[in-house]
Amino acid sequence: MRFLQTVAVMLVFGWLAACSSTGDKQTGDVAVVEDRTGETGVDTSAGGATTSALGGYSDLTIESLTDPNSPMSQRVIYFEFDSSDVAEQDREFVVAHAAILAANPDLKVSIEGHGDERGSREYNIGLGEKRAQSVRQIMEIHGVLPAQMTTVSYGEEKPAVEGHDESAWSMNRRVELVYVAY
Amino acid sequence: MKTLWMTVLGVCLYLPAWLQAALTIEITQGIEGAVPIAVVPFDTANSRQAPRENVAEIIASDLARSGRFAPVPEQNLIAYPAETSQVRFQDWRTLGVENLVIGKVETAADNQYRVQFRLFDVLRGRQITGYSMPATSEQLRYVAHRISDIIYEALTGEPGAFATHIAYVISESKNGKKEYQLQLADSDGYNPRTLLTSRQPLMSPSWSPDGRKLAYVSFEKKGRAAIFVQAIHTGKREEIASFTGINGAPSWSPDGRSMALTLSRDGNPEIYSLRLSDKKLKRLTNGAAIDTEPVWAPDGKSIVFTSDRGGSPQLYRMPAQGGRAQRLTFEGNYNASADFSPDGKNLTLVHGNGGRYQIAVLDLDSRLLRVLTDGRLDESPSFAPNGSMIIYATETGYRGVLAAVSSDGRFRQQFSLREGNVREPVWSPFVDRK
Chain B
-5 MRFLQTVAVM LVFGWLAACS STGDKQTGDV AVVEDRTGET GVDTSAGGAT TSALGGYSDL
55 TIESLTDPNS PMSQRVIYFE FDSSDVAEQD REFVVAHAAI LAANPDLKVS IEGHGDERGS
115 REYNIGLGEK RAQSVRQIME IHGVLPAQMT TVSYGEEKPA VEGHDESAWS MNRRVELVYV
175 AY
Chain A
140 MKTLWMTVLG VCLYLPAWLQ AALTIEITQG IEGAVPIAVV PFDTANSRQA PRENVAEIIA
200 SDLARSGRFA PVPEQNLIAY PAETSQVRFQ DWRTLGVENL VIGKVETAAD NQYRVQFRLF
260 DVLRGRQITG YSMPATSEQL RYVAHRISDI IYEALTGEPG AFATHIAYVI SESKNGKKEY
320 QLQLADSDGY NPRTLLTSRQ PLMSPSWSPD GRKLAYVSFE KKGRAAIFVQ AIHTGKREEI
380 ASFTGINGAP SWSPDGRSMA LTLSRDGNPE IYSLRLSDKK LKRLTNGAAI DTEPVWAPDG
440 KSIVFTSDRG GSPQLYRMPA QGGRAQRLTF EGNYNASADF SPDGKNLTLV HGNGGRYQIA
500 VLDLDSRLLR VLTDGRLDES PSFAPNGSMI IYATETGYRG VLAAVSSDGR FRQQFSLREG
560 NVREPVWSPF VDRK
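In order, the protein sequence lines correspond to chains B and A. Sequential numbering of the first sequence, starting at -5, is according to my numbering. Sequential numbering of the second sequence, starting at 140, is according to my numbering.
I should point out that these hints are in silico values taken from the structure, not numbers from a laboratory.
Under the rule of at most 25 Å between Cα atoms (straight-line distance), these lysine-lysine pairs were calculated in the BS3-like manner:
hint, chain 1, residue 1, chain 2, residue 2
1, B, Lys102, A, Lys360
2, A, Lys361, B, Lys152
3, A, Lys316, B, Lys152
4, A, Lys375, A, Lys360
5, A, Lys360, A, Lys317
6, A, Lys361, B, Lys102
Computed list of chain A residues with no C-beta within reach of chain B, every gap over 10 Å:
hint, residue
7, Asn193
8, Gln225
9, Arg253
10, Pro273
11, Glu297
12, Arg396
13, Gln465
14, Gly493
15, Asp502
All values derive from a computational prediction rather than experimental measurement. All C-beta atoms, glycine included, are put in the ideal place defined by N, C-alpha and C.
In isolation and in its complexed conformation, chain A is listed as follows (with noise of 0.2 Å):
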């Protein structure tokens, strides 16, 4: 096979004025038993420049977004320690919050700034952790979103997500034109970047294991199918499969080694796995249905996915070196796009019954189907990689926008972008943590 290098030409250097404007959050379901917490605004009289960001109200949103934890509003504060001296429990309990974050952020060298922060158990009138981190003005988001995952962490015993990012395509008509945009962004949707811009559909992004590169479908190429690899930071990329036919739905293996992918340059829509080393193809599903969507389990071992074998598109697994598949769904006339949580327990998926298409979740022990979204035409489910959430592409007024929903399907929010359909978002996995 060909394999190209090449910078990517598409990549914009500037982002259009209405993408400037970050996602916005609107929490529109769910907060009540959410647990209050107090986050004071950090001291900022050591800081010789202003820092440019307000790093209490990061924590404090990623807090809230997160849909167990209820910040008090700033205007309600009732002091504002920024040591530990400075802090007399006794208030914060009659506030009846239980936990209180304090902390500081000090000018350490020229554009250099160190956070402190300090988490507390009021009720017990003791810190429970507390760290010192550098940054630069630009890694101040960064390290917020790190201090938000600390207090999660400690506070549920789960890893928070909140340092970690996510992909998506965006349409929009220009002039009558289409324009497909592949962009990243936080996890709370700030500092979009776009990665990829085209005339052509572009489809299907799937981070690679180490959160490095992002596999995707573009049909740039005469308006045929292909799926490239891009590593996010270099911007530089690889065509990795462009057969006759379908090339689509990537997917990397956990070890990153391989890719199982959908191609029909064998007649049919099957689904193959592409060793990345030597490009060597195995063939895996044989048969005249539609065989696609494929994910690994984050064992390695077997893989799901979409096919209308049975008369209407269901999930099937089979082993990852193909074999005998089981179906796996039997509610709805239209169960598909299939992602696994973290712990191979549970698969997050498409459900369509009664004509509309609504986020579910299946329990792979029990084969119970749980449905969390109440949308009409809900599609792209994705897990954060501690599992807590789901984020998802659904619409209002006929528009693409993003959604998450906690995977208990208790607490929900929507992510708004001011123009644009926003679709296929998938949430990386963890990034390396220095």
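Just chain B, with the same shape it has in the complex (with noise of 0.2 Å):
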């Protein structure tokens, strides 16, 4: 468990690093998907979105959870402002956590919900709800067991990244995956 989250965490900041480096805000989003991938030492090629469902994400077996280099050991989808939709791009992503946890019953994730420092409070706490629920259901639409599943919004509580430019704002727009009771 401690583990996993140190895998996450580091991961989240070699993607960090990766994304401030970019320096242009406009294609920022697309350049954490591919530092992403190059990150963790993955054939771009093979994460191609143009693929079929899972294309990206054959390894789906509960091991790559803790595989440093798949793409599995990933936990974190990106929201636009204001929005609580699931990119295209990240659908897949959350498709192939689903499948690891249908696959595996036992396994429990916590979906929590974040927002950027912007607005109110209160409302931020139900976008993050709101971002955590829409993983949410297409993990069940996917074969996810309701009791393998809890939701939680910290809204802009707890910041990925102590920053206040977009840069940070969308590093902070997130939901993570975190896997309980290993």
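If you follow the hints, you should be able to join the two separate chains into one complex; please do so.
Below is the structure:
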């Protein structure tokens, strides 16, 4: 568990470094997706968004969750401002996690929604909850049992990145998957 | 529901050194048009022990903070009368002040003072009001604030709100770990007291109408949100909501019997009212949107809340028992976090436009929206109980600080703490005045 968290944290920071080095806010999101696979040492061509569902996520074993070389060790889904829609390119990623959960009914996940610091704190709690529920719905459709999932929203109270511009905000509008009872 | 009575484990009996320095106040904008007034240092010749508070200085500072008065700096005073017989009105007319305050602090018994003050109309050369009030050493600041209230009311016709409190949340990082505190201070930022300390987020403090309790959201239980009600004086608290999902945005009804709150127990963030006597829940909104941040109108008949049902967060108003909601805000792409003025005629809110979030006031009759601040990320506005000022959270150097703006936007000031991020200020109601 602790190892998992550590890996997740390391990856987030690696991701962040990659993101901030792009410098271009407009293309930041695209760069994040590309750099993520780069950071984890996976061939970027295998992660192409044009392949069929799960195409980029072939190794859907429970072990892959702890393998830092697997994209499945990633835990975070990012969102647009004031939106709780899971982006098309992240849907596969959520479905891949759902496949692992569905195959391992003892596995449980806490789906934790967050927002950036702008606007009101309680509205951001609502937004974080909607984001977590969007992810939960995709997982439920793909066979994850309700008892395997809990959602919680921290709004803007637990930012991943302490920053005050779009590069930080884009990292804070997120849902984190935290596996429990492993 | 499980009801838990417990003493607060997190209450700190000491204050860290950095907190002992009170909030200090910088006036950042607009003292033009303030009425000149002279507050003469109170005579303490008959105090056996020198009083530990400078009563006149507290009064002068209160009056200055209101934005309505400009106290004469002490070095410019031309005389130090303590009795009516010592006042030469002509001198004060020459100085250009309209009003004069004099007073005395005398020992009445052990650790017991008698504070006397008189307020004069300088032009007419007569006393407007005057009182004598007992105070222990510890009560001197409070009594000074009460005198400020009396002076303010005598001169403006509106009650003063100096002898009131503010509650707020502070977060800071200690050795890489976040620590959150719920604090209470006098309305001038002095006497900060910590009501609760937690490693997990604390949010959304809300005063009971009698000013004796605070409701708030705490994530202390395994990182899950729950709403607590805490008695300020005893520190005793009760958990009133810990449903699955969101337990947020508590807001007391004006009669103190119910609380409006946001829950997602039925799947979506919705507003409910909770009857405090038997914990009976009633759902007030129903839809796929985020509905949150309920606040009761002062007459208790309606509730204003934030909803994104129209595509962006905007304010809506519905009957207090639920039902059809009417949209109130149309300007800008973000209007949230409402608080009613005490007379129920205005709302203060967070107004987002062009990526900036500022404090605004909405006139509920004319529907005119007036932006009062010019920050980048201003939030959590809360009216003073007399409606004269709005306290809110802003930032300087990316650090959260508190600020206040007069409800006409004319006058602004900032409260600064040496460390920590301060946010979510809520101004208390008027408390019992014996």
